[in-house]
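> Spelled out, the chains give:
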Amino acid sequence: MEKERLVSASPHLSDAESIPKIMYGVVLSLLPAAVGAVYFFGLKALWIMLIASAAAMASEAAVQAILRKRITVADGSALVTGILLAFNVPASVPLWLPAVGAVFGIVVGKHAFGGLGYNPMNPALLGRAFMLASWPTSMTVFTVAPRGGSLCGIDPATISALQIDAVTQATPLKLLKVARGVLANPSAADASSYASYAKAVGALYDSYGNLFWGKVGGCIGETSTFLLLVGALFLLYKRYIGWKIPFSFLGTVALLSWAFAGTDGLLSGKPLFHLLSGGVMLGAFYMATDMVTSPVTFRGRLLFGVGCGVITMVIRLIGGYPEGVCYSILLMNLTVPLLDRYTRPRILGEKK
Amino acid sequence: MLRKRAFSGGVHPPQSKITAHLPIEEVPLPPQVVIPLQQHLGAPAEPLCKAGDTVKIGDKIGEAKGFVSVPCHASVSGTVKAVEPRLHPLGGRVLSVVIDSDGKGEVASSVMPDPDYMQRSAEELRARVREAGLAGMGGAAFPTHVKLSPPPTKPIDTLLINGAECEPYLTADHRLMLEQPREILAGVQVIQKILGCKRVVIAIEDNKPDAIATMRKAVADTGERYEVMSFQAKYPQGAEKQLIKAATGREVPRGGLPMDVGCLVHNVGTAKAIYEAVALRKPLVERVVTVTGPGVRTPKNLRVPLGTSFAHLFAHCGGLTEDAGKIIMGGPLMGIAQFSDEVPVIKGTSGIVVLTQTESRLSDPLVCIGCARCVDACPMKLVPTHIQTLVRHERFAAAKEYGLLDCIECGCCAFVCPAKIPFVHLMKYGKLKVYQLERAAGPKSA
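First to last, the protein sequences are chains A and B. For the record, in the first sequence the residue sitting at position 283 is 283 according to this note's numbering, with numbers rising by one throughout. For the record, in the second sequence the residue sitting at position 43 is 43 according to this note's numbering, with numbers rising by one throughout.
In short, the hints are calculated from the structure, not lab data. Careful, some of the hints might be misleading.
Unchecked claim - If we take Cβ atoms under 10 angstroms as the criterion, some of the chain B residues that face chain A in the derived model are: (1) D102; (2) A324; (3) Q357; (4) L366; (5) P379; (6) H425.
To be verified - Straight-line alpha carbon distances no greater than 25 angstroms define the calculated BS3-like cross-link-like pairs of lysine-lysine that follow: (7) B:K400 / B:K428; (8) B:K154 / A:K351; (9) B:K154 / B:K4; (10) B:K154 / A:K21; (11) B:K154 / B:K104; (12) A:K21 / A:K238; (13) B:K104 / B:K56; (14) A:K238 / B:K50; (15) B:K198 / B:K217; (16) B:K81 / B:K56; (17) B:K50 / A:K69; (18) B:K4 / B:K60; (19) A:K44 / A:K215; (20) A:K270 / A:K199; (21) B:K81 / A:K351; (22) B:K50 / B:K104; (23) B:K81 / B:K50; (24) B:K50 / A:K351; (25) B:K420 / A:K238.
Note that the coordinates shown come from a computational prediction; the quantities given were computed from them, not determined experimentally. Using N, Cα and C, we set each Cβ at its ideal position, and we do this for glycine too.
Make the full structure from the sequences, and use the hints.
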């Protein structure tokens with residue numbers, strides 16, 4: 001006989017993906033780099049990651065409790081923010097700093113705008129920008145060399161032969177920035193330092209292997225291109241990220257660094273060096289691709305990546321910081337509504 | 001490898017074609033049929049009978065009113081018990097003719113073969129199609145004769161016969177192509193004669209290689225130059241605009257019809273019914289229905305008199321399982337959930353899918369996280385997430401600008417959404433509001 005039946009609008013099937021599944025997928029993809037961080041920078045890196053994640057999750061739960069909203073900390077998004085934020089600090093930071101950054105990212109960057117889905121900017125990057133602006137010394141002075149490598153990525157034996165202090169203290173991008181300053185203006189520098197900077201740049205360009213595997217100084221999660229690519233391949237395979245943003249981002253960085261980043265004038269730059277150093281791999285695959293804060297349209301995603309690449313290279317080459325990935329993504333985040341609006345795809349059957 | 005013919009976008013739900021190998025069975029005569037006088041888009045038919053009348057199979061019981069309308073016919077022989085509003089699978093109650101079967105299955109004398117049907121004029125063939133009460137059998141149920149009467153300014157050069165059957169579970173068209181390819185092709189010849197179109201494409205998804213082979217062989221036997229085209233199995237490959245795009249590269253303009261680009265699409269079931277209407281002078285009184293899904297004990301393909309209740313079909317399929325949850329008329333992606341199993345099979349009932357309670361449980365919709373899966377899946381190249389946001393904020397004019405009215409309600413966006421946003425529901429609501437507001441604003445002087 002008649003029995004009550006469930007009725008709803010079509011479709012009556014949906015695939016198995018869910019927000020928590022996607023978020024924990026991203027967490028999984030970050031594990032290789034997280035393990036790498038502990039290997040290269042020691043247990044301190046583990047503490048940084050644990051503290052940042054705990055602070056991110058606790059502040060999310062607290063905000064939602066205070067606002068009497070449903071507590072959704074289990075969906076994994078705060079955990080992703082915490083880990084990414086931890087990836088963005090040097091191993092030498094005081095341990096309270098990542099906690100402060102994570103709380104700022106979650107509270108101001110995410111919940112001030114309404115929580116997951118409404119935040120205009122990547123919370124992890126906003127937390128990093130906050131830390132960078134407030135405690136610049138802690139965030140930009142790198143003192144811990146990775147296990148089996150050196151801060152600048154040049155092999156220790158080569159460094160001692162170079163006899164130049166900047167080499168031992170700078171990360172690769174910083175070294176290149178200083179060296180370009182000297183090399184571009186030979187009359188201002190004395191001959192011996194000119195010669196050693198020229199050698200340092202040569203050694204830098206020979207250090208691709210160290211850059212690729214992660215034996216360089218830098219923020220704890222960004223140094224190993226290899227481990228980041230392992231996770232990125234997983235994300236691409238699961239289609240949690242698309243190819244458009246990372247490839248247009250990296251392509252732009254490659255093109256601009258080849259054209260403008262050389263020490264011998266135009267078109268003398270080494271694209272591979274810029275791709276492998278700094279946070280560009282982490283940024284291109286894990287931060288710029290943040291679903292909430294990137295465009296949804298095909299052309300919007302391409303333009304977004306190009307914009308990130310342009311701003312990154314402008315900051316790297318003429319800005320005050322050696323590294324510009326963080327600000328490039330944050331600035332491009334703000335263009336997303338416009339990009340989406342003006343790149344609406346042509347509807348099937350629409351005449352343009 | 002050759003690039004597979006397909007449109008852009010779409011999704012790949014599990015096919016679940018569990019009845020694909022089961023030949024079409026006759027269902028035992030139901031004790032009673034309920035024939036709604038509205039089974040098609042357009043004006044409802046008016047009743048021609050009253051309680052107490054005796055009818056035979058094929059007797060006209062409802063007369064079409066207006067051009068976009070078709071008549072209805074008795075699907076069993078027996079006595080009219082009542083003419084009253086009854087539950088309709090598309091919702092609400094609709095004036096219906098209730099016939100108690102006498103179990104004899106007597107056929108009206110008006111149903112008689114016409115061996116010389118191909119000598120008749122296009123006009124006469126079209127009139128027979130209309131008299132037979134034909135409406136599209138793929139699900140949308142648009143009156144067939146209207147489609148066969150394009151204005152002279154819009155000549156049809158390409159006829160597409162839709163055997164894609166892209167919805168999961170459904171196999172009615174698949175079985176029909178395997179079992180009655182000649183009847184389908186005879187119907188195609190009739191359509192071709194009516195319209196004078198040169199090119200004929202029979203479109204089948206590549207998950208039915210046996211149907212492709214059968215149709216190819218049948219085409220070869222007729223000596224006609226019809227193309228049997230294989231398409232990538234991808235939902236919604238059978239949607240009119242997507243099928244035309246994939247087969248011909250033409251795009252039906254926004255708000256337009258296939259005839260605007262010289263195309264016409266008919267379902268394989270409709271083609272077969274056209275043949276029966278003109279060659280056998282048999283009205284549309286039965287159809288093939290796939291009764292399937294994990295909630296049905298013995299899924300089957302059935303030939304069913306129109307007006308048979310879903311309950312009768314379930315009884316013939318071993319009943320429903322304990323955990324049967326949702327009854328859907330049509331496929332699981334575009335079908336319509338039913339309150340009751342007392343609703344009748346109508347002309348557009350291509351299948352009945354019963355899902356389990358677990359599968360039909362609704363999850364709480366969450367907020368959009370901008371993953372863009374809906375954008376990538378939309379076969380109309382819309383940006384569903386923006387449209388749903390605009391609808392939620394009651395910005396209907398903006399939603400329309402974003403293509404709300406271009407939505408074909410295929411549900412691809414909702415299928416892939418990790419936040420489980422009820423896209424189709426919001427689209428339907430938004431469209432309704434747009435129409436309401438436009439009606440309230442009065443006719444536009446443009």
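> Give me the numbers of the hints this structure contradicts, sorted from smallest to largest.
1, 9, 10, 11, 14, 17, 18, 21 and 24
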